[in-house]
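As a plain string of letters, each chain reads:
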Amino acid sequence: MSVSAVELTNVRKNFGPAKIIQGVNLSIKKGERHAIIGPNGAGKSTLFNLISGMYTLSDGSVALNGAVISGRKPFEINRMGLSRSFQVSNIFANMTVRENVRCGVLYSMGYGYSFWRNIGRLKELQEKTLEILEMVGLADKANLSAALLPYADQRTLEVAITIAGGAEVILLDEPTAGMSHSETDRAVELIEKATKGKTLLIVEHDMGVVFGLADRISVLVYGEIIATGKPSEIRGNAKVREAYLGDEADALEEGAV
Amino acid sequence: MRNTIDQNFRSLAPTASEKFRIRVLPFIVFAVFLLGVPLLGPSRTALSLMNQIGIFVVFALSYNMLLGRGGLLSFGHAVYFGLGGYAAVHMMRAVEGAETGILAGFPVFFVPIAGFAVGALAGAIIGWPSCRRAGTPFAMISLGIAELIAASGFMFASIFGGETGISGDRTKGPDFLYLSLKSTSDVYVFIAFWCFVAMIAMYAFTRTPLGKMSEATRDNPERVQFVGYDPQRVRYLVFIFAGGFAGLAGGMSAVNYEIFTPEALSLAPSGMVLLMAYIGGTRHFAGPILGAVVLTYMQSNLSDYSEAWLLYLGLLFVAIVMFAPDGIVGVIDKVVAGLPDAGSTYLGNKLTSAVGCLLMLAGLIVIVEAAVRYSNGYGEVFEPFGLHLGMGNFLTYVLAFGPMALGVAMLRWVSKREEL
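Chains as they are written, first to last, in my numbering: chain A, 1 to 257; chain B, 1 to 420.
In case anyone wonders, no lab produced these hints; they're calculated from the structure. Take these hints with a grain of salt, some might be off.
[What the hints assert, rightly or not] Calculated pairs, PhoX-like style, for lysine-lysine (alpha carbon to alpha carbon, straight line, at most 25 Å):
hint, chain 1, residue 1, chain 2, residue 2
1, B, Lys416, B, Lys334
2, A, Lys198, A, Lys30
3, A, Lys128, B, Lys19
4, A, Lys230, A, Lys30
5, A, Lys73, A, Lys29
6, A, Lys128, A, Lys196
7, A, Lys73, B, Lys212
8, B, Lys350, B, Lys334
9, B, Lys350, B, Lys416
10, A, Lys128, B, Lys212
11, B, Lys212, A, Lys123
12, A, Lys29, A, Lys230
13, A, Lys123, B, Lys19
14, B, Lys212, B, Lys334
15, B, Lys172, B, Lys182
In this text the structure is predicted, and so the values were computed from the model without any measurement.
Given these sequences and hints, build the entire structure.
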């Protein structure tokens, strides 16, 4: 059996007396598309922050391709091949769309902290940047200031920056939040295309997106994973239906259709 | 509709000729200007003012690597200017004292290189602890270190020369290209050369991967980490370069004045360079250049006309912070950007604003000058254009607050009209 792309072992996180994550075990296979769902405040974003190195763990460990990454700095984890997006658009607002994506590409191309090269003359860098812009469909807005982009385009740019470095494991935090139906459809298409062959871990509220995209789903409730399995298994799980009351149970039903 | 938007987006990409106009042409114009100055046969005073400006242009640009491009507010940038300058003075003394060897053959023309090296070294040492955090901690640490180094400057007399400082002689050592550096015009060539070289180097820096990531770190240090960069490291490297160029400016200053005192390390010049960069405009590369020109000019000339010049400087700074945070260059940039499709209303608005500002300034000058003379107690009275404006004269208040009120009214009128 091959090593998991991401392996969480007994991960815990306390903020003072509040136990936000209470012993999460999760194993994500290489190439898998794994969704994490759960009610608001379940700790989904906290879990992402723990995996990506923004928060330090209170207990347990996180491994990336078998190497322990918990305790490392976010930029080290990123260089090891894990990249994440943010729930709130976290782009470089003062830069153009092209420059935003270029920032994502720069380190992976080996230019690091170089201060002797003219960034405009790095042909490979420009080509790679353009390639990504074309893939996500932002090429014709490349020279627009990122702050001026419409909301859905900002979310797309967020995904573009995340995948730009060529990381093998991609974490997306609610990539379709706040989008209209048609925008969501386009976003899902984009995510499928952009993460082809990669390991995807996604937090999402839109059950249509989750059930359409994920190979496996984990349900996080109050900092604990109450179920993990294929979409069909999750759909029929009594515990999950119990955790999702009212409207959200309907949403789950809708997603099942 | 959709199509025209897309076209507009596309058209925003700079064309080759635009790139040339924005990135290359200003430097050509500047080079022509530098070469042209001696042909106009300027007076010695004019030349030495130009030399002073050249030094501060480099210093202010180096400061803006931190403030404008890196988002790092430093209250102690003169530390690197001063240490670089002291290194240059010691280098000049070593050249003077050397009988044989490399030093004896070292032209003083290249002394600023020593300034750069020591400035960068100081940046590497001091930056290590201070670049861990941006924002307020960085600003506070820079203030503390400035105090510390300035105090050391007065304590360690063998290095810094105590109150009187240390002096050197720029005319010693071999000539470089027939430049003995004896005359002010020789020094002008020296300053113009280094100013131009440093300016190009600092502009080029903004176009490197590190320069770009410095801007990214300024705007969003969190995101930078998730594209593989360590924001601490980015800040640290930028800090070293900023220290180096400040040291270079110090080296230029050492050759120009042939003396350095611990004053140069203190908070006063650190504050001055902050004002230069901010008043000129931190968001534009040209901002600190213009700021250095304006402030150096004010410092050397306005002080002859009015003893209240520091008060005007302070007011200028406050006005910029409040009403034009992008500085003078930002204001110019905005006005020029609106020109291509400007109607008569636009021009009228801008003209009215300008006149309003001048009226306010005129009123302000009247009251300040009258008050300064009164408070000096020598019985002197402010007498512009044959008027007698004492503090007891009703006309003084009319001429002070009348134009001010009119100016404010005009600015308000314009801002109402622009809202429509």
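Do the hints match the structure? See the list:
1. B:Lys416 to B:Lys334: Between B:Lys416 and B:Lys334 the Cα gap is close to 18 Å, so the pair holds against 25 Å.
2. A:Lys198 to A:Lys30: With a Cα-Cα distance of about 7 Å, the restraint between A:Lys198 and A:Lys30 holds, given a limit of 25 Å.
3. A:Lys128 to B:Lys19: holds, 22 Å
4. A:Lys230 to A:Lys30: holds, 16 Å
5. A:Lys73 to A:Lys29: holds, 23 Å
6. A:Lys128 to A:Lys196: It holds: about 17 Å lies between the C-alpha atoms, which stays within 25 Å.
7. A:Lys73 to B:Lys212: Within the cut-off at roughly 22 Å; holds.
8. B:Lys350 to B:Lys334: Roughly 11 Å between the alpha carbons, so the hint for B:Lys350 and B:Lys334 holds.
9. B:Lys350 to B:Lys416: Since the Cα atoms of B:Lys350 and B:Lys416 sit roughly 13 Å apart, the hinted pair holds (cutoff 25 Å).
10. A:Lys128 to B:Lys212: holds, 17 Å
11. B:Lys212 to A:Lys123: At roughly 16 Å apart (the allowed maximum being 25 Å), A:Lys123 and B:Lys212 satisfy the hint.
12. A:Lys29 to A:Lys230: Distance of about 13 Å is within 25 Å: holds.
13. A:Lys123 to B:Lys19: holds, 17 Å
14. B:Lys212 to B:Lys334: Given pair B:Lys212, B:Lys334 holds - Cα atoms ~24 Å apart, limit 25 Å.
15. B:Lys172 to B:Lys182: Roughly 9 Å separates the two Cα atoms, so the pair holds.
Every hint from the earlier list agrees with this structure, and none is contradicted.
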